[in-house]
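A.B. asks: Dock chain B against the given chain A, drawing on the hints supplied.
Here the protein sequences come in this chain order: A and B. Here the first sequence is numbered in our numbering, starting from 1 and rising by one per residue. Here the second sequence is numbered in our numbering, starting from 1001 and rising by one per residue.
Any given hint might turn out to be false.
What the hints assert, rightly or not - Simulated DEER-style distance windows between Cβ atoms:
1) B/Leu1107 with A/Phe212: 36 to 42 Å
2) A/Tyr158 with B/Gly1077: 54 to 60 Å
3) B/Ser1023 with A/Gln57: 50 to 56 Å
4) A/Ile200 with B/Ser1142: 53 to 59 Å
5) A/Leu209 with B/Lys1092: 48 to 54 Å
6) A/Ile235 with B/Ser1142: 36 to 42 Å
7) B/Glu1129 with A/Gly48: 19 to 25 Å
8) B/Lys1092 with A/Gln57: 26 to 32 Å
9) A/Pro198 with B/Met1005: 48 to 54 Å
10) A/Gly64 with B/Lys1068: 41 to 47 Å
11) B/Leu1118 with A/Asn102: 48 to 54 Å
12) B/Gly1061 with A/Asn102: 27 to 33 Å
13) B/Tyr1009 with A/Leu214: 39 to 45 Å
Just so you know, these hints were derived from the structure itself, not from any lab. Don't be surprised by glycine CBs; every beta carbon is placed ideally from N, CA and C.
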Amino acid sequence: MSDRWNLASGKVICHDIGKAGSGFFIGNEGIFITNNHVVTKMSIDETGAIRLDYSRQIFVQIAGNTYRALLAIDENSDRPVVYDYAILRLNVTPRAFFEVANLSKISQGEEVIAIGYPLDFGEPIVSKGVISAIVSRPSHMNALHRIRTFLTDTLITYGNSGGPLIRASDGKVIGITTMSHEIRDEARERLLRYVNLPGIEFMRPIRDLIEFVLKYLTVGFNYAISIEYTMDDPIF
Amino acid sequence: MPVFMKGNYIFVQPGRKCFEVSSNLTNYLELGIQGITKYHLEAKIENDEFRISGALLDQNGEVLCHLKDNFIEASKGCNKEMTPYGYRIKDKDGNLVFEIQAENDLLCHLKGTIYGELGEVVAQDRKGEFVILKGPAIIGKSGNAIGIKLD
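Just chain A, with the same shape it has in the complex (with noise of 0.2 Å):
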């Protein structure tokens, strides 16, 4: 991998709310960005609002150093939640960042990259693969918007939410991975509804073996929300 790409990305850690996922710097000051779901921890009440709680402790780990960062979008605001972004800024001069894309450009069949740092590793994962559609479809966090996606087959698994997705013959960043939540869950309540039958129990093993599949358990494409949500924010 490009010393390049692992200086411009980082493993992004919110100790308070128990969340982790990757993020990337645009730009040569300090603005690290990532998906707004890796620094929020979301309910929903009881009257069917969505509330959410940002991490107050969000650390950035980049090539074996670790910084603090802090929000820079208006946590007021709800379109930071709808496009999924979260855009923060750390004390810290980045070494290398990633450019922005002409969004106008992209076409399926495009190879792309994919950087993150998945699961336990606190090394970079890079996967290759191609943009397999680009789609708009209906914001995970409020239906009533549309997102244009870029569907993929590069390899995106818990820890990836918020890295970049790169165009692989410029290294320019296009979009940013998230997981496909919605097919995910589908799975979950499908699988949940057998396992709650009433006058069923099952044996230890068994259930650990469940409760791994339910967390691992992703049907369908991967993608990535396209980066022109993030850079209509108002901080740029």
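C.D. replies: Chain B only, in chain A's frame:
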């Protein structure tokens, strides 16, 4: 004399997105006139999204917030609560001003009370139906063609 219209499809084709207005299904609703009335609400379907824009007033006729394509652009103490399929606009006391909820990705319900600049009720959900009580209003639009116009 009040006129009640129910069960009409106004510029809506089966299987396409639409708003429900007093049991009528329509692709467009406009309450007030932008730049003329102090209040204004435009509900339209664009790029396959339900989009609401306009200026919402409180019952004293003061501007509570400006909406642009479902996002609050300016507000005086109102709060937006997002739900998985819509959102609610509440005033600073937590009272519901306006609500939009999509059902099955195709049908969009409107709730709340739209006030005019004198505090009069312009539109309101009553017994589950969003009723227009005062013009000017437009229901249904396609290009320059207008479905129903209330003066």
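A.B. asks: Hint by hint, note whether the structure agrees.
C.D. replies: Structure-based check of all given hints:
1. B/Leu1107 with A/Phe212: 36 to 42 Å: The hinted range 36 to 42 Å holds for B/Leu1107 and A/Phe212, with Cβ atoms some 39 Å apart.
2. A/Tyr158 with B/Gly1077: 54 to 60 Å: 40 Å, violated
3. B/Ser1023 with A/Gln57: 50 to 56 Å: 51 Å, holds
4. A/Ile200 with B/Ser1142: 53 to 59 Å: Cβ of A/Ile200 to Cβ of B/Ser1142: about 55 Å, so the range 53 to 59 Å holds.
5. A/Leu209 with B/Lys1092: 48 to 54 Å: Holds: the Cβ-Cβ distance is about 51 Å, inside 48 to 54 Å.
6. A/Ile235 with B/Ser1142: 36 to 42 Å: Cβ of A/Ile235 to Cβ of B/Ser1142: about 38 Å, so the range 36 to 42 Å holds.
7. B/Glu1129 with A/Gly48: 19 to 25 Å: For A/Gly48 against B/Glu1129, whose Cβ atoms are near 20 Å apart, the range 19 to 25 Å holds.
8. B/Lys1092 with A/Gln57: 26 to 32 Å: About 31 Å separates the Cβ atoms of B/Lys1092 and A/Gln57, which means 26 to 32 Å holds.
9. A/Pro198 with B/Met1005: 48 to 54 Å: Hint holds: Cβ distance 49 Å, inside 48 to 54 Å.
10. A/Gly64 with B/Lys1068: 41 to 47 Å: Between A/Gly64 and B/Lys1068, where Cβ atoms are some 44 Å apart, the hint holds.
11. B/Leu1118 with A/Asn102: 48 to 54 Å: 51 Å Cβ-Cβ, so the 48 to 54 Å window holds.
12. B/Gly1061 with A/Asn102: 27 to 33 Å: 47 Å, violated
13. B/Tyr1009 with A/Leu214: 39 to 45 Å: Roughly 44 Å apart at Cβ, these two residues keep to the hinted range, so it holds.
Checked against the numbered hints above, the structure breaks hints 2, 12 and satisfies the rest.
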